[in-house]
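Residues per chain, in single letters:
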Amino acid sequence: MSQPGRNILVVRDVCKSFPGVKALDRVSIQVPSGVVYGIVGENGAGKSTLMKILSGVYEKDSGTIEFDGKVIERTTPIQALRRGLSIIYQEFNLVNTMSVGENIYLGRFREMGGMRGVHKKARALLDSIGSRISTYAKVGDLSASEMQIVEITKALSFDSRLIIMDEPSSSLTSEELKRLGKIINQLRDKGISTIYISHKLDEIFEYCDIVTVMRDGCVIDSRPVSEMSRSEMIEKMVGRTIDNEYPPRMHCVGGPLLEIKNLTTRKLHDVSFTLNRGEILGFVGLVGAGRTEIVRAIYGADKVRSHTLHLQGKQTRVRNPKEAMVAGMGLLPEDRKREGLILPFSVEANITMASLDRLTRHGIIDRSKEKEIGERQIKNLNIKTPSAQTRTHSLSGGNQQKCIVGRWLELDPQILILDEPTRGIDVGAKYEIYTLMNRIVEAGGSIIMISSELPEVLNMSNRVLTICEGRVTGEFNPETASAAEIMSRAIG
Amino acid sequence: MSMTSVLNKVWKSLSRQKAVLAILALVTLMLFFDTNFFTPYNWLDMLRSTSIIEIIGFGVTVVVICGACDLSVGGTMSIGGILAIMLVNANYPFWLAFLAGILSGALVGLVNGFLVVHQKTEPFIITLGMGMLLKGVAQQLTNASPLSSRNMEFMKISNQQFFGIPSLVVYMAVLLVAFFCLLRFTGYGRNCYAIGGNYEVAKNSGINVIRTKWIAFVISGSTAALAGVLLASRMNTGSSIYGDTTGMLVNCGIVIGGTSFAGGIGGIYESFIGLFVIQLISNSMGMLGIGGYSQQLIRGIIIVLIIGMDCYARKRKREAV
Chain A
220 MSQPGRNILV VRDVCKSFPG VKALDRVSIQ VPSGVVYGIV GENGAGKSTL
270 MKILSGVYEK DSGTIEFDGK VIERTTPIQA LRRGLSIIYQ EFNLVNTMSV
320 GENIYLGRFR EMGGMRGVHK KARALLDSIG SRISTYAKVG DLSASEMQIV
370 EITKALSFDS RLIIMDEPSS SLTSEELKRL GKIINQLRDK GISTIYISHK
420 LDEIFEYCDI VTVMRDGCVI DSRPVSEMSR SEMIEKMVGR TIDNEYPPRM
470 HCVGGPLLEI KNLTTRKLHD VSFTLNRGEI LGFVGLVGAG RTEIVRAIYG
520 ADKVRSHTLH LQGKQTRVRN PKEAMVAGMG LLPEDRKREG LILPFSVEAN
570 ITMASLDRLT RHGIIDRSKE KEIGERQIKN LNIKTPSAQT RTHSLSGGNQ
620 QKCIVGRWLE LDPQILILDE PTRGIDVGAK YEIYTLMNRI VEAGGSIIMI
670 SSELPEVLNM SNRVLTICEG RVTGEFNPET ASAAEIMSRA IG
Chain B
27 MSMTSVLNKV WKSLSRQKAV LAILALVTLM LFFDTNFFTP YNWLDMLRST
77 SIIEIIGFGV TVVVICGACD LSVGGTMSIG GILAIMLVNA NYPFWLAFLA
127 GILSGALVGL VNGFLVVHQK TEPFIITLGM GMLLKGVAQQ LTNASPLSSR
177 NMEFMKISNQ QFFGIPSLVV YMAVLLVAFF CLLRFTGYGR NCYAIGGNYE
227 VAKNSGINVI RTKWIAFVIS GSTAALAGVL LASRMNTGSS IYGDTTGMLV
277 NCGIVIGGTS FAGGIGGIYE SFIGLFVIQL ISNSMGMLGI GGYSQQLIRG
327 IIIVLIIGMD CYARKRKREA V
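So the protein sequences, as listed, match chains A and B. The first sequence begins at 220 in my numbering and counts up one residue at a time. The second sequence begins at 27 in my numbering and counts up one residue at a time.
Next up, chain A with everything else stripped away, as it sits in the complex (with noise of 0.2 angstroms):
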């Protein structure tokens, strides 16, 4: 075990260049024994590169890297974790098929005495900080914040010393965050360090001892957490100042428009609502507790029991996707990689898709009409990309969002749903979906939001409802409610 005080990691002028762009330019961070060390970073700010540097993914141009005393001068991911550093991606690497244990010591079976042994190991590890999964549970049954203990206690059997999480809680709820708070104490305790990379600057706050912020490949400043504010982090990270993170809250709420009564599902009781012309509802509740299932419900992605659904007063069926696209609406699923975007296609074509029909002639795909549309919404939404043709698995996470918006907007719906519109998205970024969705509810649109991040839905809401295990469980103004009062709702 290494003494504290003691560098684990010390990355000196580190350059990494790719194909026109320098992702790296001399980095230098040093992590001690046994701290929480915070990286953010807007999105393209290199954090990621360098972690896949440190995990042998990619190779460095030039800089030295030691880990634990040691030079490193090339690795491979699977040397990396033999000597001691796992990362935990944000998409987990685990086979959901096969058992906690199973998944633990995968590949190492022989080495840990059979099956019987492998159990053993785990559930001993599982009992060191505390969790109490079954070994035996199918990975694919568990919840997502099981997951990463899962994957946490993979990276404690390699006895690694220095753990690197990247964006840890963007599929937690803040209960699971907690939890996962107290892990990473337990590591901390260990003599174990993290890394800690997110967007979420409270985490990093509540979490971390030293944070570093990085800013197109650069790394403007590390200090210990207590020693900067939250307002110079984020001007750290953006290069500039932002007096506010969200825009002013819209107020242009009039008359009903879409009402949903007695909503029932397999996994919702009764929810009924209605959503006015010019609002936007925010739905808040924890992961699992039915805001998705919601929304897909009415939009007629999945099946429901029975509910009745009233637009502009009328009663309209809803049974397809494809009649709540005809009813005008519009939805941003939770999971754009799987759910909203075909990545394979170009930008273009992504956001023609819905609105295909109206481009043909006799079955025929009118290109310029098509250009037409993929041009204007690209400068009206002011996406970054090289042209109209560029596949869109190449773009960040918030061009690809408003790749998505653009599909949407081209059919100009009247209720558009948001389901976690800016997760993993950075903070500018944010800013302008934030401003987009106020442009919408000007031009009259109503706007559905599902949002972990509370701050997000309380400052960007006309009116919030609380989702707790199927049902409605509340309706808060949140110019005048409070986030405690809110959330303790929330959880039930």
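I should point out that these hints are in silico values taken from the structure, not numbers from a laboratory. There could be a bad hint or two in this list.
[What the hints assert, rightly or not] Straight-line alpha carbon distances no greater than 25 angstroms define the calculated DSS-like cross-link-like pairs of lysine-lysine that follow: (1) A/Lys340 - A/Lys357; (2) A/Lys522 - B/Lys229; (3) B/Lys146 - A/Lys486; (4) B/Lys229 - A/Lys541; (5) A/Lys556 - B/Lys341; (6) B/Lys38 - A/Lys271; (7) A/Lys556 - A/Lys533; (8) A/Lys486 - B/Lys229; (9) A/Lys271 - A/Lys556; (10) A/Lys603 - A/Lys588; (11) B/Lys229 - A/Lys556; (12) B/Lys341 - B/Lys38; (13) A/Lys522 - B/Lys146; (14) A/Lys357 - A/Lys486; (15) A/Lys397 - A/Lys357; (16) A/Lys289 - A/Lys409; (17) A/Lys590 - B/Lys341; (18) A/Lys289 - A/Lys271; (19) A/Lys541 - B/Lys146; (20) A/Lys522 - A/Lys556; (21) B/Lys38 - A/Lys556; (22) B/Lys229 - A/Lys588; (23) A/Lys401 - A/Lys340; (24) A/Lys401 - A/Lys455.
The structure displayed is predicted, hence computed values, not measured ones.
Given chain A, work out where chain B should sit, using these hints.
Just chain B, lined up with the frame of chain A:
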């Protein structure tokens, strides 16, 4: 621009599709032997021989782009031909027999599509089973012996020439252009790519995923039956043994061309090249006098090599940064 950079560019665009590379390699190889390989007659003959599986392949490509596959086309082809011959022998006009043959394929596609799209069965298994079922039907219909027609007009469909070009080659060319346009320029084609690329996204974007995919199966069944009728006309025979290996061969040729079984990637041109490679291999080996058993072995090696190299290149590209 220097000579090397031009060559580099040419090489890059060629090596992107390994099937093109294979064609070049085979053609180059044939330069060293004194055969009739390079005569116009041989090339027309190759095109004519390959036209049947090409036509089937065009239809199946639509299904594969939608993210499924269709292995029942061999059986469909066989049934289509037998049905057409039975009808002309029963003194129905040849055009009616022709249409009825195609309709039988559309019906098979309808059933395949229903099972895959609505019942969410695994297309590989269900169409494989359907192929077996159809072969059984064909055997019942013909008593497992070949059936020849007595109608000259029917025979003429595939055995005539237009301006010195065999009619089968002309039919293939027309369908090639038609399917190319279908996939490239129509909203339907774009929706097929969207469904294969990401089913959920396509659905959420209001695309009628069920109808689109279903139609793809109907298209695939119809082209397979059309090919069956053309083959029956060409051979003047309908038989239950036609199409025993066709299903596998066609799907294989499509993948050789570079259309991905995962869906969303590929096209008609790619399939044309991929299927042509198979014919080219057989033809050149025949010219060189290589025996049947060795041919089988060499064909297998080349196919595995092409697909392996293609997948390796794609993997490299995916992992590169």
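Okay, the hints, checked on the actual structure:
1. Between A/Lys340 and A/Lys357 the alpha-carbon distance is near 17 angstroms, which keeps this suggested pair within the 25 angstroms criterion.
2. Distance check on the hinted pair: A/Lys522 and B/Lys229 sit about 14 angstroms apart at the alpha-carbon level, within 25 angstroms; holds.
3. A C-alpha spacing of about 23 angstroms is found between B/Lys146 and A/Lys486, which places the hinted pair at or below 25 angstroms, so the restraint holds.
4. A threshold of 25 angstroms between alpha carbons decides the hint, and for B/Lys229 with A/Lys541 the separation of about 8 angstroms falls inside it, so the pair holds.
5. Among the hinted pairs, A/Lys556 with B/Lys341 is consistent with the structure: their alpha-carbon atoms are about 20 angstroms apart, no more than 25 angstroms.
6. Taking the CA atoms of B/Lys38 and A/Lys271, the gap is near 29 angstroms; set against the 25 angstroms cutoff, the hint is violated.
7. Restraint check for A/Lys556 and A/Lys533: not satisfied, since their Cα atoms lie roughly 35 angstroms apart, outside the 25 angstroms limit.
8. Distance check on the hinted pair: A/Lys486 and B/Lys229 sit about 22 angstroms apart at the alpha-carbon level, within 25 angstroms; holds.
9. The straight-line distance between the Cα atoms of A/Lys271 and A/Lys556 is roughly 21 angstroms, inside the 25 angstroms bound, and the hint therefore holds.
10. Restraint check: the Cα-Cα separation between A/Lys603 and A/Lys588 comes to about 21 angstroms, which is no more than 25 angstroms; the hinted pair holds.
11. Only pairs whose Cα atoms come within 25 angstroms are accepted, and B/Lys229 paired with A/Lys556 is accepted, the gap being roughly 14 angstroms.
12. About 16 angstroms separates the Cα atoms of B/Lys341 and B/Lys38, which keeps this hinted pair within 25 angstroms; it holds.
13. Our distance criterion of 25 angstroms between C-alpha atoms is met by A/Lys522 and B/Lys146, whose separation comes to about 16 angstroms.
14. This hinted pair checks out: A/Lys357 and A/Lys486 have alpha carbons roughly 21 angstroms apart, not beyond 25 angstroms.
15. Of the supplied pair hints, the one linking A/Lys397 and A/Lys357 holds, its CA atoms being roughly 24 angstroms apart against a limit of 25 angstroms.
16. Straight-line distance between C-alpha atoms of A/Lys289 and A/Lys409 comes to about 21 angstroms, which keeps the hinted pair within the 25 angstroms bound.
17. Note on A/Lys590 and B/Lys341: the hinted pairing is violated, with a Cα-Cα distance of about 31 angstroms set against a maximum of 25 angstroms.
18. For the suggested pair A/Lys289 and A/Lys271, the alpha carbons sit about 19 angstroms apart, so the restraint of at most 25 angstroms is met.
19. At most 25 angstroms may separate the alpha-carbon atoms for a hinted pair to count; A/Lys541 and B/Lys146 meet this at roughly 20 angstroms.
20. Note on A/Lys522 and A/Lys556: the hinted pairing holds, with a Cα-Cα distance of about 23 angstroms set against a maximum of 25 angstroms.
21. Proximity of B/Lys38 to A/Lys556 is assessed by CA-CA distance (about 30 angstroms); at most 25 angstroms being required, the pair is judged violated.
22. Taken as a hint, the B/Lys229 and A/Lys588 pair is honoured in the structure, with Cα atoms around 23 angstroms apart against an allowance of 25 angstroms.
23. For a cut-off of 25 angstroms, the pair hint linking A/Lys401 to A/Lys340 stands: about 22 angstroms separates their Cα positions.
24. The suggested pairing of A/Lys401 with A/Lys455 is violated, with an alpha-carbon distance near 29 angstroms, which exceeds 25 angstroms.
Consistency note: the structure conflicts with the earlier hints numbered 6, 7, 17, 21 and 24.
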